[in-house]
Each structure stands twice: as structure tokens, then as C-alpha cells.
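*Asks:* Here is what each chain is made of, one letter per residue.
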Amino acid sequence: MLIKQISVFIENRPGRLSDIISALAAGGIDIRALSLADTTNFGILRLIVNDPARAAELLRSQRFTVSVSEVLAVEIPDEPGGLASTLAILNGAGISVEYAYAFITRKAKGAYVILRVENNNIAVDTLRAGGVKLVGAEELYAL
Amino acid sequence: MIWNEKYETMSRDEMTALQSERLRDCVKRVYENVAPYRAKMDAIGLKPEDIHGVEDLHKLPFTTKDDLRDNYPYGLTAVPMSEVSEIHASSGTTGKQTVVTYTEADVKLWGEVTARALMMAGGSKNDIVHVSYGYGLFTGGLGAHYGGQTIGAATIPVSTGNTKRQVQIMRDFGSTILMCTPSYALYLAEAIEEAGCIDDIHLRAGIFGAEPWTENMRREIERRLRIKAYDIYGLSEIIGPGVAAECEEQTGMHIAEDHFIPEIINSDTGEVLPAGSRGELVFTCVTKQAMPLIRYRTRDISELSYAPCSCGRTTVKMIKPQGRADDMLIIRGVNVFPSQIETVLMTIPEVAPYYVLVVDRIDNTDRFEVQVEIRPEYFSDEVRALEEIRSRIAREILSALGISAGVRLVEPHTIQRSEGKAARIIDKRKLY
Ligand SMILES: [Zn+2]
Numbered sequence: 155m156l157i158k159q160i161s162v163f164i165e166n167r168p169g170r171l172s173d174i175i176s177a178l179a180a181g182g183i184d185i186r187a188l189s190l191a192d193t194t195n196f197g198i199l200r201l202i203v204n205d206p207a208r209a210a211e212l213l214r215s216q217r218f219t220v221s222v223s224e225v226l227a228v229e230i231p232d233e234p235g236g237l238a239s240t241l242a243i244l245n246g247a248g249i250s251v252e253y254a255y256a257f258i259t260r261k262a263k264g265a266y267v268i269l270r271v272e273n274n275n276i277a278v279d280t281l282r283a284g285g286v287k288l289v290g291a292e293e294l295y296a297l
Numbered sequence: 036m037i038w039n040e041k042y043e044t045m046s047r048d049e050m051t052a053l054q055s056e057r058l059r060d061c062v063k064r065v066y067e068n069v070a071p072y073r074a075k076m077d078a079i080g081l082k083p084e085d086i087h088g089v090e091d092l093h094k095l096p097f098t099t100k101d102d103l104r105d106n107y108p109y110g111l112t113a114v115p116m117s118e119v120s121e122i123h124a125s126s127g128t129t130g131k132q133t134v135v136t137y138t139e140a141d142v143k144l145w146g147e148v149t150a151r152a153l154m155m156a157g158g159s160k161n162d163i164v165h166v167s168y169g170y171g172l173f174t175g176g177l178g179a180h181y182g183g184q185t186i187g188a189a190t191i192p193v194s195t196g197n198t199k200r201q202v203q204i205m206r207d208f209g210s211t212i213l214m215c216t217p218s219y220a221l222y223l224a225e226a227i228e229e230a231g232c233i234d235d236i237h238l239r240a241g242i243f244g245a246e247p248w249t250e251n252m253r254r255e256i257e258r259r260l261r262i263k264a265y266d267i268y269g270l271s272e273i274i275g276p277g278v279a280a281e282c283e284e285q286t287g288m289h290i291a292e293d294h295f296i297p298e299i300i301n302s303d304t305g306e307v308l309p310a311g312s313r314g315e316l317v318f319t320c321v322t323k324q325a326m327p328l329i330r331y332r333t334r335d336i337s338e339l340s341y342a343p344c345s346c347g348r349t350t351v352k353m354i355k356p357q358g359r360a361d362d363m364l365i366i367r368g369v370n371v372f373p374s375q376i377e378t379v380l381m382t383i384p385e386v387a388p389y390y391v392l393v394v395d396r397i398d399n400t401d402r403f404e405v406q407v408e409i410r411p412e413y414f415s416d417e418v419r420a421l422e423e424i425r426s427r428i429a430r431e432i433l434s435a436l437g438i439s440a441g442v443r444l445v446e447p448h449t450i451q452r453s454e455g456k457a458a459r460i461i462d463k464r465k466l467y
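Going line by line, the protein sequences match chains A and B.
Each residue of the first sequence is one higher than the one before, starting from 155 at the first, in our numbering.
Each residue of the second sequence is one higher than the one before, starting from 36 at the first, in our numbering.
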């Protein structure tokens with residue numbers, strides 16, 4: 155149930171984001187979701203792609219600074235309070251969320267949320283027990 | 036082994052007598068043959084016969100880099116051009132290059148002093164000396180080369196650049212002693228690690244100079260290249276590399292003082308300071324024929340020690356320059372040498388020891404930023420983890436230097452690795 159996420163270090167200089175996206179496009183990698191965490195000093199680009207291993211290798215070969223981490227993806231019903239109830243379940247179990255970002259697709263009706271938590275296994279069990287629909291890697295990469 | 040026992044192990048009295056005799060001869064030569072020196076001495080009413088020995092050295096006027104520029108290109112050359120056999124020049128960051136001329140005897144002397152350095156590092160004719168300093172107008176390459184040839188070692192003029200080829204030569208030719216800048220040594224270590232061939236490299240010693248480096252950097256070079264790393268000092272105006280070099284005790288560099296008489300002065304007043312004091316290093320080249328500079332101000336901050344050395348050499352030792360009289364930054368009233376920043380960075384495993392210092396003045400306050408490369412293996416997807424590294428570096432700089440600094444993390448391999456002297460300071464303040 156864990157999803158591989160690619161993170162790329164971005165120095166605050168013009169064109170770096172575009173360099174990364176272009177490199178992936180040139181390598182035939184499809185981006186499923188992305189989020190940019192930005193500070194005044196540097197940024198971290200987080201990506202969900204169709205082939206994380208190849209994407210990481212491709213970016214490293216072009217001297218980008220890359221790390222691969224495991225995150226969770228949950229499907230959120232497309233209705234008010236959909237995300238709130240999921241976060242409440244985690245909060246109730248004392249699991250803190252480091253960051254989250256959402257994306258929608260044309261095919262599926264609902265929205266997806268990527269969650270970075272401190273302990274994936276406990277979070278998976280907790281979410282399942284709470285009736286939240288987790289999305290597997292295969293399903294997500296193929297969207 | 037000591038290359039030249041006679042001169043490197045003289046008693047202090049013998050050395051003083053030798054220096055005095057050579058100084059008298061040198062002053063006479065420059066007074067007769069170098070018009071700018073004659074003018075300087077005449078201006079203060081000093082005649083060659085007023086200089087009896089080293090005790091009178093302080094009476095002589097200084098020579099500065101400006102004197103070399105003002106007398107560009109041959110104005111300070113003391114012999115006819117027909118006697119000059121080699122010419123070098125150092126890159127002028129501001130204005131004209133400084134030109135240095137050598138006679139055949141000067142080139143031989145250069146080989147002699149660099150040979151001393153190689154022997155101090157345990158070198159012999161059985162070694163294969165890999166010279167990765169630039170060959171050309173810069174004195175690093177040829178100076179090291181002459182030393183290798185003087186001791187009879189197989190000397191490879193690899194010069195700089197093409198790092199992959201450097202590694203291949205090192206492996207295939209069996210290089211045993213590496214001579215280059217310390218930052219290039221680290222760059223080579225990186226390349227060897229990338230190629231995964233450290234077990235095929237047979238280096239056992241390295242002699243590094245031409246730019247500032249720290250003890251931490253020495254340890255890192257030694258660990259990554261599996262060698263013993265020695266320091267060498269020199270500047271083209273005096274002769275090039277080989278003015279001073281480290282023996283196995285590594286508590287300072289023995290100066291070839293039978294040729295280059297050192298003094299430590301107060302940079303502001305010009306007053307000569309006693310042994311052990313910290314100040315600007317000054318050299319008088321008493322034996323050089325083509326360009327015997329008198330009391331040349333190096334702008335390097337150092338100290339001299341006449342304490343006995345376990346290696347048996349009796350020549351005076353200088354400590355590694357602690358900065359440049361010009362490089363010293365005054366930030367919010369605090370003296371900052373870039374080497375101090377480097378020392379701090381070497382204690383932080385998450386970053387590489389390369390840096391750029393940017394100083395600016397905004398609203399009448401000095402802003403000081405340190406740009407440093409994050410190591411890829413420490414990069415994390417969490418902002419918090421990177422912010423923690425940043426604040427730890429800032430905290431360490433504050434505790435070591437007493438000033439607060441902004442820290443900017445930059446991408447790996449983006450800060451220039453210099454093959455010559457490093458230019459790591461960007462001072463945007465308009466103070467003059
Ligand atoms: Zn010694």
C-alpha cells in the first residue's frame with residue numbers, strides 16, 4: 155500500500171523547476187502529481203510518477219539531488235469534509251502528518267491525497283480500520 | 036632523508052653568517068642593476084655598504100605587488116635579458132599581470148628547493164611524481180616538475196583538467212606522489228570514488244599548496260586518497276612552490292632560508308615582530324639572479340618558529356598562512372578569515388567543504404551569507420530536516436566566529452572546484 159515518491163532539491167535560482175520537469179518529459183516519464191515546498195532559501199519538489207525507479211535514476215544521472223521516500227495515497231470522497239474525516243482518524247491515533255497534497259484525475263470521480271506520516275505501517279492499519287480507501291502503487295502509477 | 040644536509044641542518048650562527056654574506060651581495064647587485072631599487076634606497080639615503088648583515092635587513096625598503104605592476108614587465112629584473120632563461124606570470128585579478136624572470140641558475144635553485152620539499156614528504160628517485168598543477172605561466176606545474184626531476188623521480192606533467200584521464204594515468208602509470216592544489220586533490224578523490232578504483236591507486240603521499248586549506252581538509256584528503264598529505268608554500272614573486280615545505284613532523288613548513296630570508300611584520304606599521312608573533316610574512320630573495328626581490332610583502336599572515344625539529348633540519352618553520360592580509364573580511368567589526376568558515380563546515384557531515392561567502396551591506400548593516408552544497412545522501416523530502424542543517428551551520432559559525440551568518444544550501448557540484456587559487460568571496464559592499 156506504499157507509494158514511492160521522488161523528491162528533488164531545488165536551489166532558489168530561476169529555471170530549476172522547469173529543468174526538472176523537462177528532463178522527466180524528455181525521458182518519457184509521466185507525472186501523476188506534484189507539490190512544491192518552498193522556503194525563502196530552497197525548495198523541495200515532490201513527485202508521484204509512473205516509473206519512480208527510472209525517474210530517480212534519470213534525474214540523478216543529470217546531477218539533480220534526489221531522494222525516494224514512501225508515502226500513502228488515499229482516495230477521498232468528492233464531498234465536503236472528505237479530507238477532514240481522514241485527517242481526524244490519523245489525529246485520533248496520534249499519528250502526525252508531515253505534509254499532504256491532493257490531486258484529481260479525469261478518470262476517477264474522487265480526489266486523491268498523498269500523505270507523508272512518520273510511521274507508514276501504523277498509519278495504514280489505522281486508516282484501514284477507519285474505513286478509508288488506500289490506493290496501491292500499481293493503481294496509482296497507472297492512473 | 037634530507038636533500039641538502041649542508042644547508043638544511045646548519046647551526047643558527049652559520050645560517051646567520053651565510054644569510055648576511057648573501058644579503059650584502061644581493062643588495063649591492065640590486066642597487067647597481069635595478070633602477071627602482073636604487074631610487075628607493077637613495078630616497079632614504081641608504082647605501083649598499085650600510086647593510087652589514089641580516090641585522091640591518093629592517094633598514095631596507097619593502098617591495099610590494101604594486102612595485103611589480105608599476106615596473107611591468109622587466110623593470111625589476113637585475114640581469115640583461117640575454118641572461119633570462121624563463122619567464123612566468125601570475126594572474127592579475129586586478130589590472131596587470133605580475134611578471135617573474137629566472138636565469139638558468141634561478142631555475143636550478145627552484146628545482147633545489149622543490150626537491151627539498153619532495154624529500155621532506157619521503158620522496159626519492161624511486162617515486163613516480165604526478166603533477167596536477169597547471170603547466171604554463173602559473174608557477175605550480177613547472178616548479179613541482181623541476182623538483183621531481185632534481186631528485187631523479189619519474190615526473191609526469193599531467194597538468195590540470197580532464198579528471199577522468201587523471202585517474203586513469205594515476206592508475207596505469209602507478210603514480211606514488213601527487214602534487215596539486217588541495218581542492219583539486221578532493222576533486223580527484225571524488226572522481227576515484229565515482230570510478231570505484233581506489234584499490235588500484237598506489238599514491239602514498241601528496242604535496243599540496245597554492246591555496247588555503249585546513250587541518251580538517253588534510254584529514255579528509257588523507258582518508259579519501261589513503262595517503263599522507265604534506266603542505267607546501269610558495270609564491271611566484273619569490274620563486275614559486277618550494278619556498279617552504281612540511282617535513283614528517285608536520286608542525287610547520289621549513290623555509291629554504293638560505294635563499295629566502297623571512298621576516299614577520301606588522302601589516303599596518305611595517306615594524307618587524309619577534310619570532311612567534313603573528314603578522315605579515317616578508318621575504319628577501321638573496322640568491323636569485325634575475326629577480327632578487329628585497330623584503331617582498333606576501334600579504335600572507337603567518338608566524339615563525341626557530342624551535343628544534345625532530346626531522347633534524349634546523350631551518351626556521353612558518354605556520355600555514357592563517358589568511359591573507361587582503362582576504363580578511365571585517366564583518367560587523369569582526370575579523371573573519373574564510374579558512375575559519377571552512378573549519379566549521381568540515382565538522383558538518385551533511386555538507387561538502389566547498390563554499391562561497393557573500394557579504395553585502397543592507398540598511399547600513401553587514402549581511403553575511405555562506406553558500407554551501409548539501410551532500411546528496413543527506414537530502415531529505417522534509418523541509419524541517421534541511422532547515423535543521425541550515426540552523427546548525429549558522430549556530431556553529433556563530434559559536435566559532437562570533438558573528439551570525441545566513442546559510443544558503445545549494446545543489447551538489449554547483450560551487451566551483453578551483454584548480455588554482457580559490458575565489459570564494461563575493462563582497463558586494465561599497466566601502467570605499
Ligand atoms: Zn622538520
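None of these hints come from the bench; they were simulated from the model.
Ideal Cβ positions, reconstructed from N, Cα and C, are used throughout, including at glycine.
Any given hint could turn out to be false.
Claimed, not checked - Below, in silico cross-link-like pairs of lysine to any residue (SDA-like), each with a Cα-Cα straight-line distance of 25 Å or less:
id : chain 1 : residue 1 : chain 2 : residue 2
1  : B       : LYS63     : B       : ILE336
2  : B       : LYS63     : B       : ALA188
3  : B       : LYS199    : A       : VAL286
4  : B       : LYS463    : B       : SER415
5  : B       : LYS199    : A       : ARG214
6  : B       : LYS463    : A       : ASN166
7  : A       : LYS287    : A       : GLY236
8  : B       : LYS100    : B       : VAL418
9  : B       : LYS463    : A       : GLU211
10 : A       : LYS158    : B       : GLU417
11 : A       : LYS158    : B       : ASP101
12 : B       : LYS463    : A       : ARG217
13 : B       : LYS75     : B       : THR44
14 : B       : LYS463    : A       : THR193
15 : A       : LYS158    : B       : PRO411
16 : A       : LYS158    : B       : GLU412
17 : A       : LYS158    : B       : TYR341
18 : A       : LYS158    : B       : LYS100
19 : A       : LYS158    : B       : VAL418
20 : B       : LYS355    : B       : PRO411
21 : A       : LYS158    : B       : ARG410
22 : A       : LYS158    : B       : LYS94
23 : B       : LYS82     : B       : GLU417
24 : B       : LYS463    : A       : GLY236
25 : B       : LYS463    : A       : LYS158
26 : A       : LYS158    : B       : GLU446
27 : B       : LYS94     : B       : ARG104
28 : B       : LYS82     : B       : GLU67
29 : B       : LYS199    : A       : ASN195
30 : A       : LYS158    : B       : THR378
31 : B       : LYS199    : A       : VAL271
32 : B       : LYS199    : A       : SER215
33 : B       : LYS75     : B       : ASP85
34 : B       : LYS199    : A       : ASN166
Claimed, not checked - Label-pair distances were calculated between CB atoms; the ranges are:
id : chain 1 : residue 1 : chain 2 : residue 2 : range
35 : B       : GLY196    : A       : ALA238    : 57 to 65 Å
36 : A       : ALA238    : B       : ILE438    : 28 to 36 Å
37 : B       : ASP207    : A       : ILE258    : 55 to 63 Å
38 : A       : ASP184    : B       : GLY437    : 25 to 33 Å
39 : B       : GLU423    : A       : PHE257    : 26 to 34 Å
40 : A       : LEU190    : B       : THR449    : 15 to 23 Å
*Asks:* Does the structure keep LYS158(A) and ASP101(B) at a Cα separation of 25 Å or less?
*Replies:* This hinted pair is violated, its Cα atoms lying about 61 Å apart.
*Asks:* With the threshold set at 25 Å, check whether the alpha-carbon distance from LYS100(B) to VAL418(B) stays at or below it.
*Replies:* violated, 48 Å
*Asks:* Need the status of pair LYS158(A), LYS94(B): alpha-carbon distance at most 25 Å?
*Replies:* Roughly 74 Å separates the two Cα atoms, so the pair is violated.
*Asks:* Given the hinted pair LYS75(B) and ASP85(B), is their alpha-carbon gap at most 25 Å?
*Replies:* holds, 14 Å
*Asks:* For the pair supplied as a hint, LYS158(A) and GLU417(B), confirm whether the alpha-carbon distance does not exceed 25 Å.
*Replies:* Measuring from Cα to Cα gives roughly 15 Å; hence the hint holds.
*Asks:* Quickly compare the C-alpha distance for LYS355(B) and PRO411(B) to 25 Å and report which way the hint goes.
*Replies:* violated, 32 Å
*Asks:* Take a quick look at whether LYS463(B) and ASN166(A) sit within 25 Å of each other, Cα to Cα.
*Replies:* holds, 19 Å
*Asks:* Are the Cα positions of LYS199(B) and VAL271(A) separated by 25 Å at most?
*Replies:* The hint is violated at about 43 Å.
*Asks:* Should the hint that ASP207(B) and ILE258(A) are 55 to 63 Å apart at their CB atoms be regarded as holding?
*Replies:* Once the Cβ atoms are compared, 58 Å apart, the range 55 to 63 Å for ILE258(A) and ASP207(B) holds.
*Asks:* What's the verdict on LYS463(B) and GLU211(A), does the C-alpha distance respect the 25 Å limit or exceed it?
*Replies:* violated, 39 Å
*Asks:* Decide if the proposed pair is consistent with the structure: LYS158(A) and GLU446(B), CA atoms, cutoff 25 Å inclusive.
*Replies:* holds, 22 Å
*Asks:* Check whether the Cα positions of LYS158(A) and LYS100(B) lie no farther apart than 25 Å.
*Replies:* violated, 59 Å
Taken one by one, the earlier hints fail for this structure at numbers 1, 2, 3, 4, 8, 9, 11, 12, 13, 17, 18, 20, 22, 23, 24, 25, 29, 30, 31, 34, 36, 38, listed in ascending order.
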